[in-house]
Amino acid sequence: MQYEMVIAGFGGQGALLIGKMLAYAGMKEGKEVSWFPSYGPEMRGGTANCTVVISDRPVGSPVVQRPRALLALNLPSLDRFEDAVRPGGVILYNTSLVNRECRRTDVVVVPVAANDLANALGNPKGANMVALGAFVGATEVVPMTQVEALVRETFARKPALVDVNLQCLQAGFGEARRCVEGRDRPAAPGM
Amino acid sequence: MARKLMKGTEAIAEAAIRAGCRLFFGYPITPQNEIPEYLSHRLPQVGGTYVQAESEVAASNMLYGASGAGVRVLTSSSSPGISLMQEAVSYMAGAELPVVIVNIMRAGPGLGGILPSQADYLQATKGGGHGDYRVPVLGPWSVQEAANLTMEAFDIADRYRTPVMVLGDGLIGQMMEPVELPDERPPAPDLPPKTWASTGWKGDRPRAVINSLYLDADTLEAHNRHLQQKYRQIRERERRFQMRFEEGDYDLLVVAYGTVARVALSAIEELREQGRRVALFRPISLYPYPYRELAAAAEKARAVLVLELSAGQMLEDVRLALGRSRPVHFHGRTGGHLISPEEAANRMVEVLEGRSQEVADV
Amino acid sequence: MSSPAVLEETPAAASERTRAPVFGHPESLRQVITHYCPGCTHGVIHRLIAEVLDELGVRERTVGVSPVGCAVLAYNYFNTDMHEASHGRAPAVATGIKRGRPDLVVFTYQEDGDLASIGLSEILHCANRGEKVTVIFVNNAIYGMTGGQMAPTTMPGQVTTTSPLGRDVSLAGHPLRIAELVSALRTPAFIARGAVHTPLHVVEARRLVRRAFQYQVEGCCFSLVELLSTCPTNWGIPPHEACAWVEKNMVPYYPLGVFKTPDGGDRAPRPLGRE
Ligand SMILES: Cc1ncc(C[n+]2csc(CCOP(=O)(O)OP(=O)(O)O)c2C)c(N)n1
Ligand code: SF4
Ligand SMILES: [Mg+2]
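Protein chains in written order, with the numbering used here: chain A, 4 to 194; chain B, 1305 to 1666; chain C, 140 to 414.
One or more hints might be untrue.
Mimicking DSSO-like on lysine-lysine, the simulated pairs with C-alpha atoms at most 30 Å apart in a straight line are [as the list claims (entries may be wrong)]:
| # | chain 1 | residue 1 | chain 2 | residue 2 |
| --- | --- | --- | --- | --- |
| 1 | B | K1498 | B | K1430 |
| 2 | B | K1534 | A | K161 |
| 3 | B | K1430 | B | K1534 |
| 4 | B | K1308 | A | K31 |
| 5 | A | K128 | B | K1308 |
These aren't lab readings, by the way, just hints derived from the structure by calculation. All figures in this text were calculated on a predicted structure; none of them were measured in a lab.
Model the full structure from these sequences, guided by the hints.
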């Protein structure tokens, strides 16, 4: 089983970091993973995206045209990648920075107000963690425990940040679960 | 050692250290800046030296000096910078100096762009600079393989006294994958001692002169014969390749190297699930090119499709290997565009269904 | 000559004058959005050059050469014919243009990695041959384009991505002072250093740029103006702090002023034994 995802946003929103954390968590799970960032002129325009593949066997193409899941942190990202997602896949988008609905009806759509949730938790910088938690909740691509361990590890040198970021992570996770449960299950990667 | 998530560029840099390289000279250029950046902090930690040269011209001549003094040394750059190094590479080939050069290719010609490309294939494999010389060239398709081949490159360089190039593209430089590295990868035990190196002459060996100048035609021809003899040995012993789905029959053989072979593999797997009979041939050593192995692999196929991020460079070697025995088809992207698995699969189906035109002779 | 008569302004002319824009877009600068980071002073320097080209009325016979650095796309910004040179070679390209078409006004726009590192040979020989071209040299103490590596002009102790512990002058040497270096050549030239981190400095820099082009237009000599510039992005500080950083760290090491004029003779060393 192989799961491909695209994480996209403005530069500074943490799209590349979220992708790296997913890949890292996948690796810790004993999976094969690849992470490929956009680089080059398009980054000057202020957008950043990465493709992450998590698989049971060696990853073939690290470049993916039709991912199974999309995490769109802002409107341009949703505009750009919405149509690429495979039918039955997952589109998670950040309603704090997207002022329209997702048009796709053949995928599981998970709207999450990442910035608003992070603000409500008093940690505006934690929007990326909300999004990460939500993405894990919506796709179950890696176990939440693995991601939580990773957050602890990432912020080990700044203990004050561990709890606030875990809070954001869990808030996002909970929000996505509420959204997904009671619906048709997404094309779950089963891993 | 545990698996670590690393960028291709960083894995190459760390692999060089594990292979005992303690010296790096280079000049910044995208998309390989992480190699010098990584080594600027890592090398001092292990007692090594990092020097930012004033240019690639200087960096490559620093290599000439360091290697001539018998030290393992690395440089890395990307296409425009590699072009500037070609003079020194020719001199190093002539003076028989073992060095490792990493080229993380970007799209050209000229300043081009910074996105991935494989358009330096001919420059890398057919010499690149002036004079009759070749440089062993290794083309990794994963981050792990980039690290492995970097370590191996140092041995090949020392064994044959030649510059060796690790040829990747912007994709392999920028992507992250899990890597396992040995704590230390000592030089192969049977490497010849560097008695030729300029380490200070105490009269116990012939004086070391690191040089590529032979004004007398006979001497220079003898030197060239010696070099060609060495390249023959390299062609005999250092061919590396990999095949997928070679068991059983196949109608189409896809030939690709580096990350493009990964894309091809994904496409092939998808097509095979639909019952299409496609196999993959992946040269790992681009010089020496596995001509014989490719010719043998093509025997089972009705047609061959070459995929490259160029206008058709390795294609020339494929045609050299196959002659007119099989129709050869080509699909290439330039400008920094990647080939997507869907695009690759479409081309494969076109060839299988007879809807593709084979590469013409001119 | 008698003093010029004081002309009375007609009311119509006066109202025309008050309505006339006092600040417009120089004709020599294209009206496009540049790719420079917010707060970067590359844009200021572009404008100075464009204003001077307008003022001297030479836009239509000017050819610029852009470097490889953040200003690589300068060919999109100057409203003149332009060349894009390979990294560091702009002075050689400029030499080719000027020798082939001496009637043209030729300038290069170069940055510290481009001019002071990979292109040091080209700039020294261009200056030494006394090519009648103008070099605008932007010193921002870093490689901006490639993401913040150490430049030959990086300050001692300055942290960059390839000097993670700060520039160590015992290994990387001291920052290169280009204006001083080039003015040591015997060939007559106009060499100066200015800065653009405050409005007053910008005014002064404009005068230097104008003088540099003026010398070329008169067919007099090679001219080079080094301008201290900011890179908030890779210095990792906001633009206003970057300007303060120039004043605090760069100006003391890179003194501002005119280093050489074409009429000045050789700089004689002090006689031996009298130091
Ligand atoms: C031969 C060659 N080597 C390296 C590069 C990569 N490169 C692009 S811009 C640049 C230097 C940028 O620094 P600088 O000249 O100071 O300009 P800035 O970006 O700071 O304005 C380098 C090394 C290149 N394009 N060509
Ligand atoms: S990277 Fe630095 S020099 Fe380049 S445009 Fe941005 S601020 Fe200016
Ligand atoms: Mg600079």
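Hint by hint, here is what the structure shows:
Taken as a hint, the B:K1498 and B:K1430 pair is honoured in the structure, with Cα atoms around 27 Å apart against an allowance of 30 Å. Proximity of B:K1534 to A:K161 is assessed by CA-CA distance (about 57 Å); at most 30 Å being required, the pair is judged violated. For the hint pairing B:K1430 with B:K1534, the CA-to-CA distance comes to about 15 Å; that is within 30 Å, so the pair holds. With a C-alpha separation of about 9 Å, the suggested pairing of B:K1308 with A:K31 holds against the 30 Å cut-off.
Distance hint between A:K128 and B:K1308 is fulfilled; the C-alpha atoms sit about 27 Å from each other, no more than 30 Å.
Hint 2 alone, counting from the list given before, is not met by this structure.
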